[in-house]
Amino acid sequence: MKQRIIIPALFVFLSLAAALALRPQQEVVITIKDGMPMIPVALPDFIIRSSSAPVQAAAAEIHKVLSDDLKYSRVFQLLPKSYYGYISALDPDKIVFKDWESIQAKYLLTGVLSPGESGTIQFEAKFHDVKGERFMIGKKYEAAARALRRAAHEFADEILKAFGERPIFMTRIVFVSDRDGNDELYMMDYDGENQTRLTFNKVIDYMPAWSMDGQAIAYTSYRRGNPDLYLFRPFEGKNTAVAAKGTNFAPSFSPDGKKLAFCSSLDGNAEIYVVQSDGTDIRRLTFNKSIDISPSWSPTSREIAFTSDRSGSPQVYIMDAEGSNVRRVSFGGTYHDQPAWSPAGDQIAYVSRVDQVIDLYVLNLRSSQIIKLTESNAINESPAWSPDGRHLVFSSSLPGTNQIYTIDYDGANLRRLTSKGNNKLPDWSRR
Amino acid sequence: MKKSLCLSLAFLLTFLLLAACKAKVKEVPPPPQAKEQPKVEKVPPPPPPPLPTEEEIFRAKTLEQLNREQPIKMVFFDYDKYFIREDAKQALSANASWLNKFKSVRVLIEGHCDERGTEDYNLALGEKRAKSAYDYLLSLGIADARMQTISYGKSQPIASGHDEASWQRNRRAQFTIIAK
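Chains as they are written, first to last, in the working numbering: chain A, 41 to 471; chain B, 1109 to 1288.
Be a bit skeptical, because a hint or two may be false.
Capping the alpha-carbon separation at 30 Å, the derived lysine-lysine pairs in DSSO-like fashion look like this [said to hold, decoys possible]:
(1) Lys1169/B / Lys329/A
(2) Lys1239/B / Lys329/A
(3) Lys285/A / Lys1239/B
(4) Lys1181/B / Lys329/A
(5) Lys1197/B / Lys285/A
(6) Lys1181/B / Lys285/A
(7) Lys242/A / Lys1169/B
(8) Lys1197/B / Lys329/A
(9) Lys1189/B / Lys412/A
A few chain A positions that, by computed beta-carbon distances, are all more than 12 Å from chain B [claimed, not checked]:
(10) His103
(11) Gly156
(12) Lys180
(13) Asp220
(14) Met252
(15) Ala310
(16) Glu311
(17) Leu325
(18) Ser353
(19) Val391
(20) Arg393
(21) Ile419
(22) Gly440
(23) Asn453
(24) Leu454
(25) Lys464
Since the hints were made in silico from the structure, they are not lab data.
Quick reminder that beta carbons are idealized off the backbone N, C-alpha and C, glycines included.
Working from the sequences, and respecting the hints, build out all of it.
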């Protein structure tokens, strides 16, 4: 975000002028973020060097994945397809950059698909700087058709990285669903694809949280008749108990990867505790008879936001990571919970209940400004940030059942990711 | 003495003679023969089977049967609150008497919430509700070793509506018998 603010204001002016000039032909929506427009990218249809149906189908799918990813990024915007008709057809070996510049493309993404060996498909992607008339990044993938989706996400991440942004397209969302009977853990790609069941305990599995490296999930399970906290390594098939006395829930890993904060009533009352990320060396951080829950670490791992009803109603507080220096940050409401500290550290997303409706809000810690993200007669809760801080995932009872949605930091671009059964308690992986 | 004996003997003889004469004189037809049907007699009902004691009824039931009957009544709470209401005090007193009757019973006290709070806060609130019921039963003399608490937050509603009647049903402490 900071890097983009330093791009000269002239750029804003030019892009707006371009938008105005184009208005008679085509509606162009340029959303201004922090005074910066999104970067226009041309993504013409891929060149297919085969007449086989699987290759054709793969080309269409990869094109859609890349197109969806770039649109979702809030960094890039795609040129309307109709513009490509104004210039001569793309020849990937001899790109006429002037043509692309004439239709306002700043960057150009080209792809070539051809059949690989033994049924695989080859996909060659190239990203070009139109104005500089140069090739920027390129990758060649060879994979079975079903793996090409990942290749497309991977290349979209490469593009983000080239612009100094955090990659998000390979990230995953872990969540709880009752689609197969009882609450179990599932995960899916950031865009809702590849929904996969993770636990098979036939009891309630609850409140999952990703570790920083994306290899472990801390969660609550009732498998032994008590809500205990477990550390689960789904890709290794390992599951270890961390805390098994009282009610143990709402885990949160510290961004430095060293610690795990969670809520437990092991000493009789709901308090916040911290253990090492392997589950050892338990330490208690809060000491009072009210409810203290929902810890969320600051990106520096030096502070923890949490909820406490010590004032008489649940409110959001911040304390130092050792439990000292507690200060309240939510005011003006009677029910605030589920703080989620943004990856850049300047914002805290949380929920507030007003007249039986729960909505998502974002508090800017520097300006104390509050933005209301959702507006519905429903229960919207459990916000978690994407690693780039531009999106949030949450659950909503809006459709009558509980479903998982994502929304951008400014309330734009609401999208529903789930539909089977009830789905809740999402957490977004950091990588 | 001899005289009186003679006299009484004489009397007896006369009486016997008289009686004999009378019997002969009054020759009456024999009484009509009783009809050959036996007299209907009422058979006394069999003695009632011995009644099982409450204790025996209790012993015969499985945990599942008992829990279906819910001899330990649920108690309900106010919105966002976990204190024991007046109606809940009565229910808990009845529950305590039942628990005092069957001293081998151990219960799991489950705290539940309605859908209107967050997952996190409700899990903590459900625990507070279970704890309130536990503390109240403890104050009525139920041993702590016989009780266990658990919170399910808002994950296990018993009423699915989105109105006050359903929410009230869901804001509860519920008792499951886990041993008897």
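Verification of the supplied hints:
1. Lys1169/B / Lys329/A: Violated: lysine 1169/B and lysine 329/A sit about 41 Å apart, past 30 Å.
2. Lys1239/B / Lys329/A: Roughly 13 Å between the alpha carbons, so the hint for lysine 1239/B and lysine 329/A holds.
3. Lys285/A / Lys1239/B: 15 Å, holds
4. Lys1181/B / Lys329/A: 28 Å, holds
5. Lys1197/B / Lys285/A: 28 Å, holds
6. Lys1181/B / Lys285/A: Holds. Lysine 1181/B to lysine 285/A sits at ~27 Å (cutoff 30 Å).
7. Lys242/A / Lys1169/B: Holds, at about 27 Å.
8. Lys1197/B / Lys329/A: 23 Å, holds
9. Lys1189/B / Lys412/A: 27 Å, holds
10. His103: 39 Å, holds
11. Gly156: Given a closest Cβ separation of 47 Å, the condition holds.
12. Lys180: For lysine 180/A, whose nearest Cβ neighbour in chain B is about 45 Å away, the distance exceeds 12 Å, so it holds.
13. Asp220: 16 Å, holds
14. Met252: 21 Å, holds
15. Ala310: 4 Å, violated
16. Glu311: Check fails; 10 Å does not lie beyond 12 Å.
17. Leu325: Check passes; 15 Å lies beyond 12 Å.
18. Ser353: 8 Å, violated
19. Val391: Valine 391/A not clear of chain B: closest Cβ-Cβ about 6 Å, inside 12 Å.
20. Arg393: For arginine 393/A, whose nearest Cβ neighbour in chain B is about 7 Å away, the distance does not exceed 12 Å, so it is violated.
21. Ile419: 7 Å, violated
22. Gly440: Given that some Cβ of chain B is not farther than 12 Å from that of glycine 440/A, nearest at about 9 Å, it is violated.
23. Asn453: 24 Å, holds
24. Leu454: It holds; leucine 454/A is separated from chain B by about 20 Å at its closest Cβ, greater than 12 Å.
25. Lys464: Non-interface label on lysine 464/A violated, nearest chain B Cβ at 7 Å vs cutoff 12 Å.
Hint violations for this structure: numbers 1, 15, 16, 18, 19, 20, 21, 22 and 25, all remaining hints satisfied.
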